[in-house]
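Q: Given the sequences, and given the hints that come with them, work out the whole structure.
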Amino acid sequence: MIEAREVSLRYPDGTLALRDINLEVEPGELVYITGPSGSGKTSLLKLLMGMEYPTSGSLRVLGQPIAKGEEGRIRRLRKRIGPVFQEFKLIQGRTVLENVMMGMRFLGLPNRQIKENAGSALAGLGLEHKALSRVENLSWGEAQRVAIARAVARKPELILADEPTGNLDHENALTILDLLTSFRDTNTTVIITTHATHLIELQGNAVFIRMNGGDVSVERRRKSNEKCLI
Amino acid sequence: MKSALYNMGYFLKEARRIIGLNRLSSVFSSISTGLILFILAVIITCWSVSALLVETMQDEAEISAYLDRGIGNEQAFGLVEAIKGIGGVWDVRLVDQGEAYGRMEAILGEEARVLELFDENPFEAFIEVRIGLDELDRVAEEVGSLEGIDHIRENREVLERIQSIAAGLNSLGYIVIAAVGISTLVIVSHMIRQGIYNNRIQIDTLRLLGAPNGFIGFPFVLAGLLLTLAGGILASVLIVLLINQAYGGMAGSLPFIPLPPRGRLVSGLVILIGATSISLGVLGSLFGMSSTK
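Residue numbers (numbering that gives the first Met the number 0), protein chains in the order written: chain C, 0 to 229; chain V, 0 to 292.
Bear in mind the hints are in silico, worked out from the structure with no lab data behind them. Where a beta carbon is used, it is the ideal one built from N, C-alpha and C, also for glycine.
Derived, one-sided and incomplete: chain V residues facing chain C with beta-carbon distance under 10 Å:
(1) Asp203
(2) Leu205
(3) Leu207
(4) Asn212
(5) Phe214
A: Here it is as structure tokens:
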């Protein structure tokens, strides 16, 4: 699913964001990436999405290499990923439904299927009553859920969520995490970055990647004690 | 392809939105494109008329051979037969004084009243010789040397002048075509670049979601096409109005200028303007997209 070998990322200004990362993630695994601000969480997600390329080492996501010169493959790879961006990246001036549908329009699905997927994703996130609202009129939490709906409606093989609980209150944050983790049941791999470690510290059956200034430690918990979250 | 079909409604809606983002600019772009295409249509109409005129005149190269004074009818018909025997001559006929008078009356129209001032018919009989333009010099020389022929007149000068006007129109036409092409491409590509800039966040998001370039770019191509097509419709309306007015006017005052059949000319122009506007719209959009980073 994801395989990183000695992956480093150095930005053009010389900043070393990631150093010699080794990582393996299996299909259907839940992965939390934690660490303080600036520790490289978002950089790692950008690598996984092909928004950045490793400066050294090799990285494969869903079997596709992430490297310069592979832009065409990376573009196709992104169709199989459901991204939830930290800043949402919702398209202004459109309705909630249009935003969710837009993420599926180029997947070769018929319109009826797109509408069905969007409708059920919005229903799953409690947003069906907001379907025809313009996204600029949504609260922060609602916009966050629309971003998630857009990601999950695509029925991706891999969900990459960057700080999906940021700026949410405790209860909403738990709801969002609960929802994202539920996709493991469909054998979807879910990778979540968060600095809200208190929300996930009791989480079991997950991979924890702790980042600190480019260094990474990986811990696998097999025990299932998700109930402790709530 | 499947995606394109499923998404045609979405593409049209997006194209309409791209145009609507800067409505005033879009309206002016369409109007200026329309006026540019109208100029092209006018030039093509002039081409068409001048080509037909030249073609007709080529067939109407003729020599008027004036007879010696006092020559009788029998001798005149003998000269007609002699001229018929010259190689390169298509048709020969004797135009008597009455017919010459009648022809001038037709040409002068209302001004023919001036002919009434003459006590007697001022026109002479002559032999009208129709030939191919290429044979004009040789035949003129042979006819002029026949006994009984006083002098000859030919219409080479008029024909050459018309040919040179037609050639000038041709050159002007090429310049106009180049100007139309370049200016329309610049207008459309500028509009599309502006549209891309206004939608850069959406484009960035779509790329991150894995949308192919074709999916992202198609609404912009469609927007460019719709803008120039609107210009093309405007140009078509203007040229149809102009042609209707011109045909009405020329039929009365310049009946001797041959005009192509109105229906064929109009339908040909509308098809040409439509095809040109679609091609320029698509090319301009692609140019605008390729020149945007």
